[in-house]
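Given these sequences and hints, build the entire structure.
Under the numbering used here, read the sequence shown as residues 23 to 224, first letter to last.
In case anyone wonders, no lab produced these hints; they're calculated from the structure.
Careful, some of the hints might be misleading.
[Said to hold, decoys possible] Label pairs and their in silico Cβ distance ranges:
{"no.": "1", "residue 1": "TYR64", "residue 2": "GLU165", "range": "31 to 41 Å"}
{"no.": "2", "residue 1": "PRO194", "residue 2": "GLY127", "range": "42 to 52 Å"}
{"no.": "3", "residue 1": "GLY163", "residue 2": "CYS65", "range": "29 to 39 Å"}
{"no.": "4", "residue 1": "ARG100", "residue 2": "GLY192", "range": "14 to 24 Å"}
{"no.": "5", "residue 1": "GLU77", "residue 2": "PHE34", "range": "37 to 47 Å"}
Just so you know, even glycine gets a beta-carbon here, dropped at the ideal spot from N, CA and C.
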Amino acid sequence: MEALRARQARNFLATLLLSQGVPMLQGGDEQGRSQRGNNNAYCQDNELGWVCWDEADTALQAFTGALLALRAGEPLLRADRYRHRDADNDGQRLAWLAPEGGELGGKAWHDPRRCCVGCLLGQDGGHGPAPYSLLLVMNGGEEPVSFTLPKAGPWQRRVDTAEAPWVFRGEPVAGASTEVQGRSLQLLRGGPWTPAGEEGRQ
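Right under this line is the structure:
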């Protein structure tokens, strides 16, 4: 139970810090302060709202710091506006992918059995940094999922909330898919993504 709670804390922090927009952290989130589930502790002048530095989760603090450093070094994670399927004037684009390959669409968005989704971010050439891709894969189900990788490889694993040390310098991913453990997420970095028809998937 404690291991699952720790993983879920990493999942929530990673979901926030790898998402588009400005991440909003409350003081103490980075060390696992829960306020005992009270979301209105701002008016509580007691242990609910206090930060107990002696009980800080140092592993979670280190994970948060590593995620922030990763975000600072990845232009695709710091866009100043929401991206869409078609590239905008800075060459950036976004697509939502299914584990079995191809883009999510239509009924797939409303399938309650679907617990895993990928978000592919791409940067075209000729727009600032060298063209590259990021793939964020989130598995909210309890079972592992084999996720088919786009052809924008070779892919390197940068984050895996299920496997220590959780933030990696660039572990190569072998093969045409990555296994995402239940209740976890992965961030992978790849080469250029040039959409064409079926997204050019492996």
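Cβ distance range 37 to 47 Å for GLU77 and PHE34, holds or violated: Violated, since GLU77 and PHE34 (Cβ atoms, about 19 Å apart) do not stay within the stated range.
Can the suggested window of 42 to 52 Å be confirmed for the beta-carbon pair PRO194 and GLY127? violated, 31 Å
31 to 41 Å was suggested as the range; check whether the CB atoms of TYR64 and GLU165 agree with it. With a Cβ separation near 39 Å, TYR64 and GLU165 satisfy 31 to 41 Å, so the hint holds.
At the C-beta level, are ARG100 and GLY192 separated by a distance inside 14 to 24 Å? Roughly 19 Å apart at Cβ, these two residues keep to the hinted range, so it holds.
Just to be sure I understand the hint, the distance between the Cβ atoms of GLY163 and CYS65 should be within 29 to 39 Å; is that true here? Since GLY163 and CYS65 have Cβ atoms about 37 Å apart, the given range 29 to 39 Å holds.
Checked against the numbered hints given earlier, the structure breaks hints 2 and 5 and satisfies all the rest.
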